[in-house]
Structures are given as structure tokens and as C-alpha cells.
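Chains as they are written, first to last, in my numbering: chain W, 1 to 279; chain C, 1 to 295.
Keep in mind that the hints were calculated from the coordinates and are not lab data.
Facing chain W, from chain C, some residues (calculated, C-beta under 8 Å):
1. Ala31
2. Met98
3. Leu107
4. Met269
Backbone N, C-alpha and C define an ideal beta-carbon position, used for all residues, glycine too.
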Amino acid sequence: MLARLARIPVWVWVGFNVALLGWLALTSLKPSREIFDNPFSLPTGVEAANYDSAWTVSELGQGFINSLFIVAIASVAVVALAAPAAYMLTRSTTWTASPLTTFFAVGMGIPLQAVIIPIFVMTTQISSFANDTFGWWDDRISLTIVYIAMSLPFTVFLLTGFFRTLPEDLEEAAALDGATGLRTFVRIMLPLAQPGLITALILNIVSLWNETLLALILITDNEQYTLPQALLGLYQTMQYTSNWGGLFAGVVIVVVPILAIYLWLGRRIIEGLTVGSGK
Amino acid sequence: MTALSRARRRLYWPFVAPATLIYVAFFVGPAIASIWISLHKWRGAGDEMDFTGAANYKRLLEDDAFKDSFANSLKILVICGVFIFALAFLMTIVLREMKSRKTVRALLFFPYIVSPVAIGVGLGLLLDPSGVVNGVLEPVGLNRSWLAPDHIFATILIGIIWVTTGFYVTLLMAGQERIPAYFYEDATLAGANRWRQFWHVTLPMSWDIVTVAAVLWVINSLKIFEFIYAFTGTGDSPPSEARTIPIYQFLMTTGGRNPAYALGYGCAMGVVMIALVTVLVVGLRRVMRREAVHF
Numbered sequence: 001m002l003a004r005l006a007r008i009p010v011w012v013w014v015g016f017n018v019a020l021l022g023w024l025a026l027t028s029l030k031p032s033r034e035i036f037d038n039p040f041s042l043p044t045g046v047e048a049a050n051y052d053s054a055w056t057v058s059e060l061g062q063g064f065i066n067s068l069f070i071v072a073i074a075s076v077a078v079v080a081l082a083a084p085a086a087y088m089l090t091r092s093t094t095w096t097a098s099p100l101t102t103f104f105a106v107g108m109g110i111p112l113q114a115v116i117i118p119i120f121v122m123t124t125q126i127s128s129f130a131n132d133t134f135g136w137w138d139d140r141i142s143l144t145i146v147y148i149a150m151s152l153p154f155t156v157f158l159l160t161g162f163f164r165t166l167p168e169d170l171e172e173a174a175a176l177d178g179a180t181g182l183r184t185f186v187r188i189m190l191p192l193a194q195p196g197l198i199t200a201l202i203l204n205i206v207s208l209w210n211e212t213l214l215a216l217i218l219i220t221d222n223e224q225y226t227l228p229q230a231l232l233g234l235y236q237t238m239q240y241t242s243n244w245g246g247l248f249a250g251v252v253i254v255v256v257p258i259l260a261i262y263l264w265l266g267r268r269i270i271e272g273l274t275v276g277s278g279k
Numbered sequence: 001m002t003a004l005s006r007a008r009r010r011l012y013w014p015f016v017a018p019a020t021l022i023y024v025a026f027f028v029g030p031a032i033a034s035i036w037i038s039l040h041k042w043r044g045a046g047d048e049m050d051f052t053g054a055a056n057y058k059r060l061l062e063d064d065a066f067k068d069s070f071a072n073s074l075k076i077l078v079i080c081g082v083f084i085f086a087l088a089f090l091m092t093i094v095l096r097e098m099k100s101r102k103t104v105r106a107l108l109f110f111p112y113i114v115s116p117v118a119i120g121v122g123l124g125l126l127l128d129p130s131g132v133v134n135g136v137l138e139p140v141g142l143n144r145s146w147l148a149p150d151h152i153f154a155t156i157l158i159g160i161i162w163v164t165t166g167f168y169v170t171l172l173m174a175g176q177e178r179i180p181a182y183f184y185e186d187a188t189l190a191g192a193n194r195w196r197q198f199w200h201v202t203l204p205m206s207w208d209i210v211t212v213a214a215v216l217w218v219i220n221s222l223k224i225f226e227f228i229y230a231f232t233g234t235g236d237s238p239p240s241e242a243r244t245i246p247i248y249q250f251l252m253t254t255g256g257r258n259p260a261y262a263l264g265y266g267c268a269m270g271v272v273m274i275a276l277v278t279v280l281v282v283g284l285r286r287v288m289r290r291e292a293v294h295f
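Let's have the full structure, built from the sequences with the hints guiding it.
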């Protein structure tokens, strides 16, 4: 009886989460002036102008494309760098392997706040050096590189855990057949490790898609804003523009890609995060 | 030496070096540079670095705004931590026998992976003085100005609890699911109710995951930035009531309308954060280690 009663608050909580999503989506379809005048009314039509203004006028479209490229390049690069490293760190008997594994893991405990100012200084210097030498630089490149570096500790940690579970006999057999180390890794280990690599990729995509602090610090040009940064920009102009419909549309634009990934690969995200932490 | 281990030895550095170099250059290097910069008064490239020793740290001790931010960070860590873990434990008890627990878990977890900026903005709209929540609460007289300086910090605490609990529910449930079912069957036969089952089976047997979860909470809670910034950032910088160490560091360095660029001072805050995380994590592990039960 008590156990059944205890389920009620759980369902209320779950209901709130669903209702919040639904409310955001429905409100994004209402004209701005109705949003606060009639907060409970259903939209009478589809106010596409909200999405249009968020996408073009407030430049969330540009932000979307920037985020898409930065996140895609950084997540693929992180996995591409971390996979061979994690593989060697679990397999090699060299004395540096174990301390290096710990060295990567320590990075998970270093808060971004402890590295962010030197990173700001360093990227400003890279940018002015490149501008002087080649006459060109794009801060989005700096952001991508920093994203790669800060995602390495967790990714290496996750993948070392994963490679450790893979059997060694196949590598021995391949070596007996005369396959080179590189070939064994690419042809045998990478396909075996595919589930782990995909989990690592998704987790990085989700966390980098949401990252905002570094973007705020490293990127100053509106054209180069990432998506969450563009949403913040839109929010901060609200007191002058009152484009509430556009703001709701903006929130939906930021949430939908993550919702889509979650509906598609949710189990993998949950398992990856808990297995990664549970080891 | 076998062919395999020879091949591995040859390939070791080519495989490991690229990741290590980038990690050192763009993460570990900056962390060490933070310590060095924190010993200087410096406004960034172009400004002469002025060595001031521990002056920035002395200034932290005397800066009331920093002390408030530090206290707020600890309040988030402790208050939200207690609620999140209490709620997560309760939920694992309730969810254990629910058929739809996977769905419930998935829905509780979802806010955790949504952009904290979107969550902050969305909640800000929900709690707007003339928004939906006050619309519902007005008839019963519970409406208040959730985002006014008096209430904002409490609202932030509730928001963080709401966003984060799902993740810890998921973690603790993963720990619970590894416990063989016959332990619960035995406990039920022995007449133990759910609460006693939790206390005598679940908790001791998933203690290692509880420890990891607690460590993760310490690390993650102290660096919360985006949620608070988006939640309060409708125009000017967050009010002093809502500032935590990350927010204050941002405002003292590159953030806000007129960035202060007190880079040495900001680095000192970063170093304090590393020290705080280290002390708390080491302490927590020590406190929690003894009670572990193996099975």
C-alpha cells in the first residue's frame, strides 16, 4: 500500500518533465503577445514566424551550423585519438602505461575553471600569431581543439574500460598469421570495439552540444557563436525585443536534436554514462 | 619476446603520444599555468605580469563577494547533494518493483542531458512573475517572485535538484541491478520490508557505486555554471545572491558587460577549486571506504 502511494510523487515528477517539454513546444507555436496574456490557451495556429525569426534574425541557424561542425569534428577527433591510446594503455606492459592511464583519469577531476584562463590567454595568442603570420584565424578552430583536449580524459577512461573487456586471443592469432600491429588494431580490434566507440562518440556529442562556458569565453564574433551561445544572446535581447515566441522557438531548436538522439540511442547514453562511472 | 609484444612496443608511442600531447598542451599545461598566473597581477596579453606572490589568495580571503560565492557553491554541494541522494535512494526503492521503471528512469534522466542553457531559459520562462507557475499558484496564494533576489538562490537549488536527480537515480539503479535477485528473495522470506531490504541489502552491496556517485557529485556540483548563468542572465550579470565560484570567476575575468580581466585573481579561484575538489574527494573516499561490503 505504502509502496503504491510512493509511486504517486514519482509519476508527478515524470509528468512534470513531459508537461514541461509539451508546454515549451506548444508555446513556441503561439504569437508573442498571447504567451503571457493567455498562458494556458492552446495555440490556435502554427506561428511559423517564431521559428523564422529565431532561425534567421536571431542567428540560431548560423549557431546551429557552427555547433554542428564544431561538435562533429571534435567528437570524431576525440574518439580517433582516444581509441588507439586506450587500446595501447590496456594492452602494453611498458612501465609508463599504468601511470599514463591514471594521468588521463586525473583530468576528469580537474574543473574547467582551473584551466579556462590560461586557455583563454593561449588561444588569444594563437589567434594573433596566426593573424600576423597567415593573415587569418578562426576562433572556432581554437574552440574545437580545446573541446578535443577537455574530452580526452573521460573518453580514454571509458575506452580503456571497454578494451579491457575484449579478449586477447584474436590479437595473438593475428600476430601468428603475420598481421602487423597496426593492421591487427584497425581490422580486428576497432570492429570489436565498435559498440564502445559509438557510445563514446554519442556521449561526447551530447556533452559538447551543451557546452557553453568555453564558447562564451573563446568566441566573441556573433557569426561564430555556437547554438547555446546564440540562444543566450537571444535571451539577453529579450528585454528590448519582447520576441517571446522566438525565444520559445529557440529553446525548442536547441532541445530537439538532443531529444531525437535520446529517443534513438537513449539506452546507450544511459548505459555509457553509468558503466563509465560505475567502474 | 613474442612478435605480438614486439609489435606493441614499436607502436606504443605512435598510438599513445597524439592523445597525450594534446591533453598536456591544452589541458594539463593550462592547469599548471593557472598556478603560476595566480601568483601574479595580470590583465592578459600585452600587460606586464607583475609577480605578487600570495597576494591574490590573501585578497580572496578578504573579498566578501568571493566568500559569498564560495558559501553558495558549498550550499549547492551540500543542500542539493542531500536532497538528490535522498530522493535517488527513495526512487530506487520505489522503482525496484515497478514494471515501467525503464520508462520512468528514461524520463527522469532526460533533463540531465538537455542543454543547461535551454533548461535555464525554459525554467526562467516557466517561473516568470506572470508565467504559468504563478498562474497556477495564484488562486491558492502560493505565487511568488521566484526570480527576485530574495528567492532566486532557493529556486536555483530546486532547479539543480530537479535536473540532476535523474542521473543519480540511474547510477544507483545500475548498482542495484547488479545485486543477484536471491538476496532480495531471502530478505523477503526473512520478513524484511522494503526499507530494511534497502538498508541491509541494496546499500551495502552497491556501496562502491554509491561512493563513485558521491565523488561525481562533488566534482560536478562545484563547476555548475551554465544553468545558473542562463537562469539569471536576462540582462545584467547574475545578482550576488546567485553567484557561485564559477560565476564569480567568470565575472572577474572575461564575463559581464565590462570584463574586469583580473586574470591572476581568476586563476587563484581556479586553484582554490582544484584544492577544494581534491580535499573533498580524498576525504569522502576515506570516510566511505571503511564501510564497504564485498560479495
